Structures are given as structure tokens and as C-alpha cells.
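*Asks:* Generate the whole structure from the sequences, applying the supplied hints.
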Amino acid sequence: MTANRKALVLCSGGVDSTTLLAQAVAKYGAENVYALSISYGQ
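Position 8 of the sequence shown, counting from 1, maps to 11 under my numbering, and the rest follow consecutively.
None of the hints are false.
FRET-style restraints, in silico, Cβ to Cβ:
#1 45 x 7: 28 to 38 Å
#2 28 x 6: 16 to 26 Å
#3 44 x 7: 30 to 40 Å
#4 37 x 17: 11 to 21 Å
I should point out that these hints are in silico values taken from the structure, not numbers from a laboratory.
This one's a predicted model, so the numbers in the text were calculated from it and none came from an experiment.
Here a beta-carbon is modelled for each residue, glycine too, at the ideal position from N, C-alpha and C.
*Replies:* This is how it looks when you write it as C-alpha cells:
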């Protein structure tokens, strides 16, 4: 049995979170990666 893995990446727009997002897409495929960014109105 193969598990269908998905990833959620919290994105700040900085270098670290952007790099992590790219690594998650490379590992799990774009269709299985969700990027979350929250605007605080600052």
C-alpha cells in the first residue's frame, strides 16, 4: 500500500520558507503541496 502524502508549507516570503516550498514540491509534487501565507495587514 502506498500512502498519498501531502505537505503544508507556511510561507513568509523569505528565503528559508521559499526554499522549503521548492523542496516540498520536488519531493511530493506540486499537486500535493499547499502553501499558506497569512496577511496581517502590516
